Amino acid sequence: MAKHRGAGGRVAICAVAQTKFERDKWQVRFQGMLWEVVEKVLRQTGLQFGAGGIEAAVTVSDDVFDARTISDGAITDVVGAHHQSEEKVAADGAQGVYYAAATILSNHHDIVLLAGHCKESQSASRNQITHLAFDPFYTRPVGLDYVAAAALQAQAYMARTGVTEAQLADVVVRSRKWARENPVAQETAAVTREQALAAPMLAAPIRQSFMYPVSDGAIAMILASEERAAELTDRPVWITGLGNCYDSFFLGERDLAGNFSLERAAKKAYEMAGVTHPTDAFEVVEIADQYAHQQPQYAEGLALCPARQGAKWLADGGPEKQHVNRSGGMLAGNPLILGGMARVAEAVIQLRGEAGSRQVPGAKRALAHGATGPAGQLQTVVVLEN
Amino acid sequence: MSGETEYAYVVEGKMALPYQYFAGAVGSKFLIALRDEKRILGVRCPKCETTFVPPRQTCERCFSDLTSHWVDVGSSGEITGYTVINYKEPYQPKEPPYVLALIKLDGADTPFAHILNCADGAQPAIGMRVRAVFSKEPKDNILAISHFELEP
Amino acid sequence: MSNKKEGGPELIVSRQILSIAQRFSTGPVMGRFLRELRDNKRIMANKCPKCGRHQLPPREVCALCSVEATEWEELGPEGAIRDYDIVYYSSPDPLTGETRETPYVLCWAQLDRTQGDAPLWHLLNAPDLSKVRRGLRVRVVFSEERDGTMGDIKYFEIIE
Amino acid sequence: MKKKNRNVAIIGSGMSKFSSHREEVNQPELIHEAVVEALEDAHLTMDDVDCVLHGNMELFEMVHQPDMWHVLGTGAWGKPGVRLTTGGTTGATLACAADNLVASGLHDVVLAIGFEKLEEGHATGGITNMADPLWGRSLQTGALTGTAAQKLIEQFGEERAKNAAIKMRIIMDEHAMRNEKAHRRLRLDRKYMKQIATQTPPLVGELRMIHMCSQSDGACAVIFASEDKVAQLGANPAWVVDHETVHREETLIFNSGKSTHRVAAERLYARNGITDPIHQIDVFEMYDPSAWWGVDWLGDFLLCESDEHVKMVENDQIAIEGEFPLNPSGGVQASNPIGATALVRVAEAAMQVVARRANTRCRVM
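Residue numbers (our numbering), protein chains in the order written: chain A, 5 to 390; chain B, 23 to 174; chain C, 75 to 234; chain D, 653 to 1017.
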């Protein structure tokens, strides 16, 4: 393992703000969504842009989702980057956390604004965007997109582990139950197992109810060095573990029912954080479950339960016991690009003790996860502690 | 937020640009064999002892150059995974519902995604034998294989 | 489609126009600007309450002061050319996918009463290209049919 | 200046062949050329690399999250990585990010890859999509503008400005002739300086085809390593001392206020004890998208107050043999695979610092 920032150098997340996530924020530009959350973290910390304040921005967005080349050029003003630094991570927002932390661990910056946005409602369909992630000769012609990729993953995973449709329906029921306690969550209407199972089948075994909804929103965070964190908050949340990893691109070349890249990402993050027994190391767990089957599958990859034991983990009430996705998770609604970033945001809120009726009492250590690409090709793991 | 939201509205538009993608020498060799000879080629990594379909210039894992390791693979194989597409998008190759399957050809080690046509009522299952049906029209992509069908 | 080079092997190419329909939100700020254009044929700029500069296009936040630009003022419709481009190169309009006709003139005109450096950017109707120069007085001409987009401005015309 | 958590050096780099026609390779294969060359240059294998950075503009090739497909060529399988993109600055952002990621202690050896295959898309159309769809998108013509020419003509008179621009173009081409990787090698002849410009079609105003950068396919890969690794590998390091990034609010107007180049240069010089850049810097690789911008931005980067930068062009000071060699590689006017371009600048500068470029003669800092 590589060296750490010297003399106890750590990175703290000192403030977090999220918009409410909604199906169609037609009344606001993405710049407007971002300003709403940037203004909030400025107020929380009393910071200003410029020397001595926020020195740099790391942003998270995607040009195809924004229908705009270099779409971060359009947000320079709202992230305070006029005559300042701004670097855009074009992947899941957990990758933005990863990189923003590095800019502080390197000692290049002390205080960084991390700001992400995505309006999935802008394009005719989210699938038309994710279809473009596939290569033009072998995979686009057969109509692949991220839903189809996830369906192949779900089929493989359920075939291997015996996770049932009813169990996936229960994952959705539980997501909605907790989402009602989360003021920024999008999908808060209660559903029953029967209703979830009656939803239209999109791509077997994925039903409409098993898929994260189309969502618009923005998230901002302030990250700071240990030296500066105390000025900004009396409840800093420390990033103690980071890991990420790529798998192969072609779906047929991966173990779709397994967790090759997630296991590697988690191993790295756990080593860095000194986590040796992940099953009971975390009071709060946030998994980027774009699809219901990914909650047990990624729980295996994160070593929250033994490999291939996702069905048993669900049957034994693993999600409830390990406090998985009290935010409602991605099934309650986050845009693709912000899935992992929203997981980190919830972890911070929990570790600050600000989660209200969904608070895990005495939460000390949290696990947040993000995924990018078809069927989670790139996986990111973040460990946080208060 | 600044201003009053009653001023906001939505402008319908599009993002539209021309593109031209190149398959490259390796990809072209594979696609031309499919189109003109109805032959399916793979490349074999001598180090990883893996035969890849579709082909690639180098092995992503060990970086071996694969351009002189072409092999013929069969046009029959087996299903390793599948889904039934039930939603409609403009880029889809056919009207839903249709089966999208991962198919491992005989002699290949890597399954790839393609369309599976099931005769009335037949259900796909892992391990079922399938064979390629080649397109009657010349196609310059993987749809030179029109689809796969279950072996009788 | 194939791409045969003399003597060389055939190299496969796939040519296509990729298009995704979009719903672009104006938001309250740009929405107000465009509504004024459409309904009242007025160029309205918003203004930073702190530094007093105008913003065209109107934007949510003043980049210099990091505060919301909440005040509105009418500018123009006359002004002077600050910069211009005579375009000979023909490029596609990504909002329609269609190729533009050339030559045409783009100009950035600082409208009368503008505070700060905030020119309005649009086409210039210049039958005689040799007359185009910086400082030339111009006037906004509005389109007959207006739908709440920048097309509601037809072009700038030169004030003779 | 703040002390880095640990020191970082560039220990190798590689570039694909740059050309407007790379039809024999697909996107990951083009990238792979650069990666293999960089590993060879650093005497490493992919096993030594513990993080892969990727950057380009999605709309240029219209591939969403292209780092996914490109794993076939980047070597990122089973490894960590980050994808960053900031427009023409992407390559430089990748270098800053690689520096940060190694200095942070998170990674020991980082491979940064900038990429673009412009032939596969429409570069000007792609850049036009930068503009706000509700403001300038129906007006903008990619990165083509004659406003830099207008500014220089106003500042220095028509004849002097036009001569400076075409002189810079010729010098860049002379440099490109020495760089076998360069895309456009035109063999421009100084004898025909007056005719060269007018023989090529006008694009926008006084910006003509000859002044503008090429549209290239290409990839660049640069390997960054920690101080410990440099020692362990016995590598020939080019140390990354510092970096600075400066943006501007989006207005789509040119020549407004102090340029971001000047602000960035002032900050970087102030932190690093550079009081006389022309004499303290031995070689400069600049992102010069056109000969006009090249002349203008040189003045900004060197903090010129009057016409020093124009004189530097006029008296051949910026030629390889001159006192301030500018773009010994031929620069961006010769090769411009946009997402790779700024990383090529970093790679070329690093090669100069470790004196690996045999066919150029530059002093080492």
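Just so you know, the hints here were simulated from the structure itself, not pulled from any lab data.
Possibly wrong hints are sitting among the right ones.
As the list claims (entries may be wrong) - As a list, the in silico DMTMM-like pairs of lysine to aspartate or glutamate whose alpha-carbon atoms are at most 20 Å apart:
id	chain 1	residue 1	chain 2	residue 2
1	B	Lys51	B	Asp162
2	B	Lys69	A	Glu257
3	B	Lys36	A	Asp28
4	C	Lys205	D	Asp702
5	C	Lys115	C	Asp202
6	B	Lys36	C	Glu172
7	A	Lys271	D	Asp702
Since the structure is predicted, the reported quantities are computational estimates derived from the model, not experimental observations.
Status of each hint after checking the structure:
For the proposed pair Lys51/B and Asp162/B, the alpha carbon gap of about 11 Å is at most 20 Å, so the pair holds. The hinted pair formed by Lys69/B and Glu257/A meets the criterion: a straight-line CA distance of about 16 Å does not exceed 20 Å. Among the hinted pairs, Lys36/B with Asp28/A is consistent with the structure: their alpha-carbon atoms are about 17 Å apart, no more than 20 Å. Distance restraint check for Lys205/C and Asp702/D: the Cα-Cα separation of roughly 60 Å exceeds the 20 Å cut-off, and the hinted pair is therefore not satisfied.
Pair hint Lys115/C plus Asp202/C does not hold up; C-alpha atoms about 27 Å apart against a cutoff of 20 Å. Only pairs whose Cα atoms come within 20 Å are accepted, and Lys36/B paired with Glu172/C is accepted, the gap being roughly 12 Å. About 14 Å separates the Cα atoms of Lys271/A and Asp702/D, which keeps this hinted pair within 20 Å; it holds.
Comparing the model with each earlier hint shows violations of hints 4, 5; every other hint is respected.
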